[in-house]
Amino acid sequence: MSKYDWLLFFHITGAFFLVGGTVMAGTFTILALRRRVPSEIAQLLGLVRLSLPFIYAGVTLTLVFGLWLVHAAGQGYSFGDAWVIAALVIWVAANAAGGMGGKRQEATLAEAKQLAATNDEPNGELATKLRDPVGLALSFGSGLMVFAVLALMIWKPGA
Amino acid sequence: MSVAVLRPDSWDLPLFLHVLGATLLFGGVIVVLVLTVAARRGQTASPMLARSAFRVWLAVVVPTFLLMRIAGQWILSREEKQLPDLDNKGWVGVGFAVGDGGVVLILLLGIAAWLYARRAGTGRAAMFAIVLASIYLAALAVAWFAMSAKPGS
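From first to last, the protein sequence lines are chains F and E.
Everything in the first sequence is counted per our numbering, starting at 1 for the first residue and increasing by one.
Everything in the second sequence is counted per our numbering, starting at 160 for the first residue and increasing by one.
By construction, these hints were calculated from the structure, which means they are not laboratory data.
A few of these clues could be false.
What the hints assert, rightly or not - Lysine-lysine pairs mimicking PhoX-like chemistry, simulated, CA-CA at most 25 Å apart:
| # | chain 1 | residue 1 | chain 2 | residue 2 |
| --- | --- | --- | --- | --- |
| 1 | F | K103 | F | K129 |
| 2 | F | K103 | F | K113 |
| 3 | F | K129 | F | K113 |
| 4 | F | K156 | E | K240 |
| 5 | F | K156 | F | K3 |
| 6 | F | K3 | E | K248 |
I would like the entire structure built from these sequences, with the hints used as guidance.
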């Protein structure tokens, strides 16, 4: 196996972790959106945290080995290529959006836990926070941007 | 020289769908695993978590498995036109083993998740679901190593 093969393997491993973590976070959020009881919402939103190690590992591996591949692949790629720049910009935007969406979700989780500990009955305010359009747009927008980066990696427009 | 270097544009869409399906499938199987473990550990929420695990199997794992497998066949048919000896490559064989052999594991996982949901988060089916999901995740990791690094090619 060549150096290129190993770099590609670790880069793709990062993609699996990043997309896998994104699927985890998105699925647990969608499942929480379908519940009304605070303890159930808290349980499902709490599971979103388990996606973070996958996302962090994926973010690191895709960036480090992606840049290394551009440098060492010997296929004429350059850091100035439009698809590389676009991927980096979208990658940063996806991380920023995911981070901001996650903070809003943390606040909702804290409220769900508080309600679960006191009066575990459906609560209108919690339901509104859970369906906060800005938070959902940030979180799911982040996921869509990850898929956009994946598409760029395959098509490499302009390469 | 790597196959990736020679990849014509017409392979891009099936390759994208194949990789997308595989990565989504990886996430979906982890979700089923996490929900089943959480249901086993939880008390009041166990029935809800067990039902959710089965629904995720149905709504995420099955469609993404089909996407991965069908797109894999699609790109293989394109590749074989340029690389006639492809069927004899070990990494293609690994892909077939995980893809086709994985059908059995995926189906058994679905049955275990369904039984666990039907019994409201109690019973031994959870342990089967956890073991099957773990085995399939390991198999997927072997497949993505074979597909990306293409050892022996």
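Taking the numbered hints from earlier one at a time, note which ones the structure violates and give those numbers from smallest to largest.
Every hint satisfied by this model.
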